[in-house]
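Chemist: Position chains B and C relative to chain A; hints supplied.
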Amino acid sequence: MPDPRFYNRTGPFRLADLAERCGARLGSGSDPDRLIHDLGSIDTATTNEIVYFADHAYVVALAASKCGACITTDELAPKVPPCGVLIASNPRAAFAELAAIFYPDTLATPPQIEALAADAVVGEGALIGHGAVIGSRAVIGARTRIGANAVIGPGVVIGEDCKIGANTTLAYCLVGNRVIIHPGVQVGQDGFGFASTAAGHKKIPQLGRVIIHDDVEIGANCTIDRGTAADTVIGEGTKFDNLVQVAHNVEIGARCIFVAQSGVAGSCQIGNGVIIGGQVGIADNVKIGDGAQIAAKTGIMRDIGPGEVVMGYPGKPIRQFWREVAALSRLTKRDK
Amino acid sequence: MPDPRFYNRTGPFRLADLAERCGARLGSGSDPDRLIHDLGSIDTATTNEIVYFADHAYVVALAASKCGACITTDELAPKVPPCGVLIASNPRAAFAELAAIFYPDTLATPPQIEALAADAVVGEGALIGHGAVIGSRAVIGARTRIGANAVIGPGVVIGEDCKIGANTTLAYCLVGNRVIIHPGVQVGQDGFGFASTAAGHKKIPQLGRVIIHDDVEIGANCTIDRGTAADTVIGEGTKFDNLVQVAHNVEIGARCIFVAQSGVAGSCQIGNGVIIGGQVGIADNVKIGDGAQIAAKTGIMRDIGPGEVVMGYPGKPIRQFWREVAALSRLTKRDK
Amino acid sequence: MPDPRFYNRTGPFRLADLAERCGARLGSGSDPDRLIHDLGSIDTATTNEIVYFADHAYVVALAASKCGACITTDELAPKVPPCGVLIASNPRAAFAELAAIFYPDTLATPPQIEALAADAVVGEGALIGHGAVIGSRAVIGARTRIGANAVIGPGVVIGEDCKIGANTTLAYCLVGNRVIIHPGVQVGQDGFGFASTAAGHKKIPQLGRVIIHDDVEIGANCTIDRGTAADTVIGEGTKFDNLVQVAHNVEIGARCIFVAQSGVAGSCQIGNGVIIGGQVGIADNVKIGDGAQIAAKTGIMRDIGPGEVVMGYPGKPIRQFWREVAALSRLTKRDK
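Keeping their order, the protein sequence lines are chains A, B and C. According to the working numbering, the first sequence holds residues 1 to 336 in order. According to the working numbering, the second sequence holds residues 1 to 336 in order. According to the working numbering, the third sequence holds residues 1 to 336 in order.
Where hints are given, some of them may not hold.
Heads up, the list lumps identical chains together, so a pair's fine if it works in one copy or across two of them.
Within a straight-line C-alpha distance of at most 20 Å, the following computed SDA-like cross-link-like pairs (lysine to any residue) qualify [as the list claims (entries may be wrong)]:
#, residue 1, residue 2
1, Lys333, Trp322
2, Lys316, Ala57
3, Lys333, Asp3
4, Lys316, Ala295
5, Lys333, Arg323
6, Lys202, Arg21
7, Lys316, Ser329
8, Lys316, Met301
9, Lys202, Ile180
10, Lys333, Pro317
11, Lys203, Asn177
12, Lys203, His213
13, Lys202, Asp105
14, Lys66, Gln293
15, Lys287, Thr10
16, Lys333, Ile42
17, Lys79, Gly289
18, Lys202, Gly176
19, Lys79, Thr46
In short, the hints are calculated from the structure, not lab data.
Bound-form chain A, shown alone (with noise of 0.2 Å):
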């Protein structure tokens, strides 16, 4: 359930209806006037709440899963253990209609048309910088100081003795404590998710937050999205250098090392004391173990295990992309 800090949920709706706005048709035997209050992921999801289900894969997790409904293809529908059932061509793309029906205002972080929220709290000894923006119920924790023209949306939690830079924008977060963010950094934006359908690229509504915990540092310039119904967390004592990407429903451990401009795309999950190199990149849904260290301009395709050191395009031990180098190097001679 996304958080009500940062969400305003509506409903509950009868199956039948929410079939009808999302342009799917009920399963045989599911009953119309079933109400659903909320969406729900199949590993958490509670009777009241719909989940959508598009792979073989999940099968088996579906079977134990509390969910009340399910959204699937005709092909998927038999799998479906008892629950209610919508039939969609896309389900992916129909789930992301239920989302924006469930939770219609949260396409962007609203634009704070107040500088100070009458009910954001500021702790002790706080200092807000000039022309900061301060969302309503947000929480700014003692001694930390806000710089000037930053922008801290609605529900978002600061901790004490925290630094937050000039022209940052902080939506959709709890931030921990001794937090450094320099200026320019964009956290809690919208993840980068759609459902692509012929008529073009249907948002996905991302319903999670970022948690940022004690003692982390992220640098100017960097963006770090929010989750799509888990969250982004960032791992305590980590540090990011400048022009970082972190996409959404990422989690980074503890004290690992990020250089500029290296980014991490949806759903990756990297260990503690991992150290990143400068304009990496890491695809999506890949696994970093404790204590790997990838050099400067690699590119991560894979899983990569505990303490591997890693380099290249695609990213391989080290000693074998030098190996490589030198082999290379090496035919230019022979072909002369």
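Modeler: Positioned in the frame of chain A, the structure of chains B and C alone reads:
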């Protein structure tokens, strides 16, 4: 002719005066009193406009041009059809000088010294965030929301139902309907154009615009430069992830996807439905056909046909890329 | 000695007190009451200053140093010439602690709690945009324009005829004349410097500045960190495209070109007239000679001589790069 909503033209000027001010000399037989009203390009110039001609490749186009004057080199001067002629050792640098004469005030967005210009138009139901700055003659469409501390430059037109993030800067641009621009995006600054001479890099005035069509989404901290003479164009329904760079005069089609930290150099033409992976770089003047797919981290230096799937540095057909990866790996074994 | 316009020093402190506060012990024969007034570097320290010595390579330089005290390891202590000695297991981390003692207030730019500080100086004909924030003792030169919502930190000096974009943050920097800084640029934040220990990454206070010479242009959303002890320097007439990263202590010569999304790691020295292509990455401590050219996407990990033209990952002479591309392509044919 540059868009008068964004650029204030001076003049007209006598051809002889222009010659003197840009360090050129009058071609033999040219009328020193001929009045020149504006800059033009070879294809579209009128008899009031001056163009530059510095490359043999344009001889045929120039022969058909209606331009009133032309700045060129001694060597190329005999190829110029009947019109006023100026001779310069570096016509591109001299033309940059002329641009600065006709449009003296265009080197940077003015600072916007008032919060909401008296002649700006704000549509019904639009919301302007705290600290946002709306320039003279700007138009904000109905129900569009402008984020806190965003800066909307003079003459900018934004359509209906748009969401403009906090801390963005929009200048010299026309934005369609239902466009989402995330926080920290910079649109419409000068393109990166210089005429390099022994004395240094002379700035070429950038007199175009950025045109953003309906349903475009632009990720946090992206940068989109305005055109030099023509426009930078983003087609309908195209989506940018964070930290993407788009240089001057780039034309991007409809429904494309640009993953984070990709960059497109000047004057590229990108078709419809193209997918550009993360950290891809595309060199200037490249054409990419409809439906092409460029894998993450690829470097493109040549035209890519419709539907091609390309990977590597330099980019090549993706199967060839993986064949080379395998061959290089085998080579290190053979060498042992 | 850090620039007192930007950094407030405390002290002096007794050597024994410093030892206790940074977790070091006094070397045998060192006067516990010796007063230390500041941090220094081996080359330039005075008898009032303390330096750190953690690498045999500096034995000769240290022998000639005028430093008043030195923090080092047990093993290196016998090499220290007569002066106060502190012994620590990790002298770099202990020195970071000392820096935080002498300069306790430097971990982030203060938030600027007023719009235009009473003691700021604004030159004749300068224009300050709406929402811009000008810090204490800042100096804005004649005819310089500051964009809307820009934040100019305390003590910053900007020359004449500059154009500073909207939503920029300038701190700890001195800017020459006719400099153009595009929107969203972040200058002068902390460099990315840590002393890594078992307990995590300990921040090293960054006590230098950014020096930007005349006629420099800096593209949108670039990030330029200030120096650690020395300065980050951008030479006259050098031009940056958008989204470029410059790390702490980098020195860049005159009339260079940096294309978009390139990045330079800490302490690099780059000559005059160097051209750096898009998405190039340069590792730390590299020297690049005058007039060198680095092709787009190249990764540089070694020094590059004057006039060299380099491409690839790792960077190599450009003809060798293309030979290797051809050889690898042939290899896949041979393998079939």
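Chemist: Are the hints correct? Go through all of them and say.
Modeler: Comparing the hints with the structure gives:
no.: 1; hint: Lys333 to Trp322; verdict: both (17 Å within a copy, 13 Å between copies)
no.: 2; hint: Lys316 to Ala57; verdict: neither (28 Å within a copy, 33 Å between copies)
no.: 3; hint: Lys333 to Asp3; verdict: neither (62 Å within a copy, 54 Å between copies)
no.: 4; hint: Lys316 to Ala295; verdict: both (10 Å within a copy, 18 Å between copies)
no.: 5; hint: Lys333 to Arg323; verdict: both (16 Å within a copy, 9 Å between copies)
no.: 6; hint: Lys202 to Arg21; verdict: within (15 Å within a copy, 54 Å between copies)
no.: 7; hint: Lys316 to Ser329; verdict: both (18 Å within a copy, 10 Å between copies)
no.: 8; hint: Lys316 to Met301; verdict: both (10 Å within a copy, 18 Å between copies)
no.: 9; hint: Lys202 to Ile180; verdict: between (35 Å within a copy, 13 Å between copies)
no.: 10; hint: Lys333 to Pro317; verdict: between (25 Å within a copy, 14 Å between copies)
no.: 11; hint: Lys203 to Asn177; verdict: between (34 Å within a copy, 15 Å between copies)
no.: 12; hint: Lys203 to His213; verdict: between (29 Å within a copy, 17 Å between copies)
no.: 13; hint: Lys202 to Asp105; verdict: within (16 Å within a copy, 41 Å between copies)
no.: 14; hint: Lys66 to Gln293; verdict: neither (40 Å within a copy, 40 Å between copies)
no.: 15; hint: Lys287 to Thr10; verdict: neither (36 Å within a copy, 46 Å between copies)
no.: 16; hint: Lys333 to Ile42; verdict: neither (58 Å within a copy, 46 Å between copies)
no.: 17; hint: Lys79 to Gly289; verdict: neither (34 Å within a copy, 41 Å between copies)
no.: 18; hint: Lys202 to Gly176; verdict: between (34 Å within a copy, 17 Å between copies)
no.: 19; hint: Lys79 to Thr46; verdict: within (19 Å within a copy, 69 Å between copies)
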